[in-house]
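With the hints as extra help, turn the sequences into a complete structure.
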Amino acid sequence: MSDATTRRDFLKGGVAVVAGVASVAAALEPLRGLDGPPDVDAWLQSHYHEMTPDEKAAAIARLEAAAKAEFGVDITISDPQPEAKTKFAYALNLGVCVGCRKCAYACEAENNTSRAPGKQYIRVLEMNKGGIDLESANHHYDPEQVPQAGKFYMPVQCHQCDHPPCVKVCPVEATWKEPDGIVVVDYDWCIGCRYCEAACPYWARRFNFEKPVIKPEEINPKTGYLSNRPRPAGVMEKCTFCLHRTREGRYPACLEACPTGARAFGNLHDPKSEIRYILEHKRVFVLKEEVGTLPNFFYYFDV
Amino acid sequence: MSFPSPELRKGALAVGGALLIYVGLAWALSSAAIAPNPVAPRGEIQVDFGPNRLPGTALSLHKAGFEYQCSECHMDQPRHATPRTFVGEHSTLAFDHGANDRCFNCHHPDPDLADQFVTRDGRPLPFTEHVALCASCHGVVHRDWLRGAHGRRQGYWDRRKGEAERTDCVICHDPHHPVFAPIAPLPPPGVVRGPARPGLAPHGAVPHLLNTPVAPVPDTLRGPAIDPDDAPAYAAPHAEDEEPAR
Chain Z
21 MSDATTRRDF
31 LKGGVAVVAG
41 VASVAAALEP
51 LRGLDGPPDV
61 DAWLQSHYHE
71 MTPDEKAAAI
81 ARLEAAAKAE
91 FGVDITISDP
101 QPEAKTKFAY
111 ALNLGVCVGC
121 RKCAYACEAE
131 NNTSRAPGKQ
141 YIRVLEMNKG
151 GIDLESANHH
161 YDPEQVPQAG
171 KFYMPVQCHQ
181 CDHPPCVKVC
191 PVEATWKEPD
201 GIVVVDYDWC
211 IGCRYCEAAC
221 PYWARRFNFE
231 KPVIKPEEIN
241 PKTGYLSNRP
251 RPAGVMEKCT
261 FCLHRTREGR
271 YPACLEACPT
281 GARAFGNLHD
291 PKSEIRYILE
301 HKRVFVLKEE
311 VGTLPNFFYY
321 FDV
Chain F
282 MSFPSPELRK
292 GALAVGGALL
302 IYVGLAWALS
312 SAAIAPNPVA
322 PRGEIQVDFG
332 PNRLPGTALS
342 LHKAGFEYQC
352 SECHMDQPRH
362 ATPRTFVGEH
372 STLAFDHGAN
382 DRCFNCHHPD
392 PDLADQFVTR
402 DGRPLPFTEH
412 VALCASCHGV
422 VHRDWLRGAH
432 GRRQGYWDRR
442 KGEAERTDCV
452 ICHDPHHPVF
462 APIAPLPPPG
472 VVRGPARPGL
482 APHGAVPHLL
492 NTPVAPVPDT
502 LRGPAIDPDD
512 APAYAAPHAE
522 DEEPAR
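Residue numbers (my numbering), protein chains in the order written: chain Z, 21 to 323; chain F, 282 to 527.
Treat the hints loosely; a few may be bogus.
[Unchecked claim] The calculated lysine to aspartate or glutamate pairs, modelled on DMTMM-like cross-linking and capped at a C-alpha distance of 20 Å, are:
(1) 442(F) to 103(Z)
(2) 197(Z) to 217(Z)
(3) 442(F) to 99(Z)
For the record, the hints were derived by calculation from the structure and aren't laboratory data.
Here's what the structure looks like:
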């Protein structure tokens, strides 16, 4: 073997080096999106149920600081706990819903969902009067005015099922049902496999393909750890009945936004609550009863 | 090209390779990070959370900023037996309350009591008691409203922690035109992933498959046309099913 480097050897070596560099660069491609070194605390954070109160406080402080660094906004992340003898339920009067989508936009503003790509928890279906035909429902309707003659409108959001298929399929237990009935997601534990999105018969879950983009001035600074705090890319999110509001006794944002008063919300364990009155006096039904999810979201007509 | 020794050759290759890797990594890491999506312009999406009432249906002088009582004009107004057309000051009112199409069904006909409502049994009722007046006809709705199944709520579902603000009838409903005015819907949900990209139709621009009109069946799929004159003459149905004579 000659010691002299031939042209062939040099070219072979050069091609190998270039290919090696290219493959290393491709492997490091995700690092280009990083701003600074990775946060060790975030990587080592435990599941929500396994964190001690001190660890939760540290995680909240870290997330608040991260939001401040990213958006320049002082947000507060609360962690309200479910109360005893409380189970939330929702009722929606399809007879008065006009399909204006104000609920969806109020939800967007309240829950810090991504504006680009747009992500809304509430999907309003437009259907022909005479039956509930989900196959022909249209949620991209955009006429000059609503309601259109011969149409009715059915907003669909998370039904907070008692038998939630989305919880059943989660491989890492990143989503679970709280004692007050709310199905929540630990955004720091979700691996983004989207099984839950596929399992949900109501299409109530949304996936962040990209980092949610919100203008800093549009961020709602009052957030909850399990509800509307800023989410990273690659995690699932969903309606939580505005958990950070409702566990403090307030109405959800979509309810307060409805211009026709189609929405009602309350505690199923309180016999004097509005929701109990509706369940006892109106002919309510649930969507897709046959799939056995036992939703806590009820629809009714009374006009 | 030759090197004096194998070691030198290996060294030169290693240095060159290291330089190439360094340059490649520097390029990879220093080039602009993934540009975030531009925030969709939301400025034009103005969400009005007010009631869906017809715009501009107030009394014209009220709209101009004047304050007055009904009795200042209605000093001597007779009771009308027929529906009235609104003239003058009232011409800007939209009026469609179904069968309730007389002014004095709700407004007191007595000129001395023109600043009050009238109940169905003739008693005057102050304007502030409008809920009771509405309830005198819409009793079922009033019951639902009291129990929270009708109308808008704001505030607290948990009455131990705070109050719920219950909107009165006339906040949402124009009493002269109680049916909600149609409004423009807010924009439909955007693209599923990423902002609108040039050259691609936005998600939803393609009408839903089942909402598109069904194309007519082409003639090639149909059977041969039947000339009515050549159609076989069928016997009248059940002509032979009659009860046989006994």
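Going through the hints against the structure:
1. 442(F) to 103(Z): holds (13 Å)
2. 197(Z) to 217(Z): At roughly 16 Å apart (the allowed maximum being 20 Å), residue 217(Z) and residue 197(Z) satisfy the hint.
3. 442(F) to 99(Z): Distance ~18 Å between residue 442(F) and residue 99(Z) Cα, so the pair holds.
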